[in-house]
Amino acid sequence: MNLLLQMWGGYARMTRRWPALAAVIPFIPVVALWTIVAEAGLFPRAFFPGPADVVRSFVTLTYKGILPDYLQDSLIRLFVGASVGMALGVPLGILIGTSRWAHRICWPVLLFFQAIGDIAWLPILLIWFGFGLTTMTFVIVYTVLFPVVLNTVLGVESVPRDLGRAALCLGASRARVLWEVTLPGALPNIITGLRNGLGYGWRALIAVEMIVGTSGIGFMMFDARRAGSTVEIVLGMIILGLLWYVVDAWILAPLERATGERWGLVTS
Amino acid sequence: MRGAASLAGSAMFVAPLLALLAIWAIVVPLFEVNPRVFPSIGAVGGAALDSIRDGTLIAHIGASLLRVGLGTLIGIATAVPLGVAMGVSPTVAAFLTPLFRFFSVLAGIAWIPIATLWFGYGFGAIVFVIFNAVFFVVTYNTLLGVQTIPHTLRNAAWSLGAGRWAMLTEVLLPGALPNIVTGIRTGLGFAWRGLIAAEMIATNVGLGYMLFVARDFYRTEVIVFGMIVIGVLWLLIDRLILVRIERATIERWGMVRRA
Amino acid sequence: MKTLSLRNLGKTYFDPYAGAHVTAVHDVSLDVQQGEFVSVVGPSGCGKTTILNMIAGFIPHSKGEILLDGTPVNGPGPERGVVFQSFALFPWKTVLDNVGFGPKMRGVPKAERDRIARDYLALAGLSHAANRYPNELSGGMQQRVGVVRALANEPAVLLMDEPFAAVDAQTRMTLQEELTRIWQDRKPTVLFITHDVGEAVFLANRVVVLSKGRILDEVAVDLPRPRVWDQLVDDDEFKRLSAQVLQMVRAA
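Protein chains in written order, with the numbering used here: chain A, 1 to 268; chain B, 1001 to 1259; chain C, 2001 to 2252.
A couple of the hints might just be wrong.
Covered stretches of chain C, as calculated for chain A (at least 3 residues, CB under 8 angstroms) [claimed, not checked]: (1) 2055–2065; (2) 2071–2079; (3) 2101–2111.
The set of hints was computed from the structure by calculation and includes no laboratory data. Glycine is no exception: its CB is placed at the ideal position from the N, C-alpha and C atoms.
With these hints in hand, go ahead and build the complete structure from the sequences.
Structural data, given as structure tokens:
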């Protein structure tokens, strides 16, 4: 018990000095357990590959250039979709947040279309646009759009009324108030919306790549399933998880914190 | 007076949707839209009646709801105790948080290939995907919820004579409830999408299958009807069940934490 | 020469909870001379903030006229600076950019408006905080920024809505002393709303007592300047005036 406590103390001190370690070390026992179960041969190898197999397949696929290509395809799709989604969602959210009439008209429609969900659009999109980039982009835009709009509205409504008044009585025009007060005031929420939207968009992309299936990580995983190659499926899952972890923890979350905390606008 | 106000409120809410229906009813015949591109209201109504009459609609909805219900129940039943147990010790919680964050990122759709490999196409694989979507998100949120309970509350309960069991039922569970409910809402959101995706890929009954098979025959009226059913079902689940629970607990207690 | 002039100002609005029309302000007439410091004091709910919001142009008035240098006012504008109880500093702008906001809206180039902002920050002893964000400052310092931000725009009249109500008692006294010093230095026209009788008397040339949306009476304050709390606390004239105003407010 004492030894355990000491080990824990060491771990706590270490992670305080290098916080990045706290995100890595917990995975060590998981990987160890995985290795043991795989090596023990409880399940057939083809069904339950070990870490070594996955690393080997990672090296092979990278060497062949398939993995980098697929990864690039997936990321570009996500990036294009997210950009278009933001470009549509932020103005729409500001309009709905500032105009009572726009709110009345758009809100029920938004809720309804949000409820339909991205993936349910896939069959009709395939009829309209075929198996291609347009279909995939549409689905991702659709997924990113709603969280961005809803959070932008929330953000606009959370800007204290006195801030807009202060700008007005310092000589700002209504348009200036929008640019100088409403938009920055809503920014932390907009980023939260983007974060949620990308979380959904990422999953939608995987689903679409599985179903539409021409390239991308999702396609790689589903193709591997068809060939019965579990290794590549597991590899795909790990890459997905890692990639999102990196994007979320190193880009989106700090961005959210940077705006929210520095400005003292609490967004929880 | 209040009834009238809420009636007026519902009317305000429904009006834009009715307007949308009206536009649909006018535009499709006016521009003679090809039914292979977009169906008329009449065709969608016909598809609705057909599917109700021959019982396929009930079969599809039943299959989908059963999968979601079962997967979600198993998910919550395992996730909440696990999350609370982990959250009780701050050290354990701190250690496990990154793990659960990683797996909640993967939750749902990414498991479809391996789930279908392990369980074969069909019921088992889909329930597993849904369980998965719910389990990690709810565990992570429960863990977060238990951690965010103010220490003064625990100390207060302690000094008032609460034992371990009372601490669990009187402080930890209710204190974590807002996060648990948020987790369930998020998890179900992922699960619902995962369900539709999984049903397109891995089964021969369910709403996702109904949509996807209609695509093969360019039956847009069936697709649009299916989309409406999916939307309405989710609205019902979200508004009638999830939002109600949230209102009854979080907002009433003044513990609103919005995403 | 009068700068701000209220003629039979009135405000009536529909209260959805009471289900009836409520009159918050009746027939208020008041003239504020250029360079004068007028305090309006009254209990909460007496309509003082409503009057200020009408003058600022945040809400429309239902009756009467608001004239600034003889012209009726309509909507918010830069000639009426406002200092808010909630400070209302832009959290995403540094202190310097907050103070330079008014000049920026007038189209003053960056270098020039930074110079103006630094000048006013020095006036309030805030030069060291120029590059900080509002969130990083104490409440007292935030409101100092709020005051100089309004002044830097050189408004014809400065409207202050219980500006020191949200800071602690010690800081409030310091801020009051600083405000009288700045007023002596720049001589802005000020309309100061407060529910604190001591504060009203301490700051103003004239105290207007408001009750139930009507002006009850007014008291001229001829205390010598500069005014400092250490001296005024024991000053007989200050005590007499404060007691007089307090009596009116309580009788109201």
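Going through the hints against the structure:
1. 2055–2065: holds (count 3)
2. 2071–2079: Contact hint for the segment 2071–2079 of chain C vs chain A: holds, 4 residues under 8 angstroms.
3. 2101–2111: holds (count 4)
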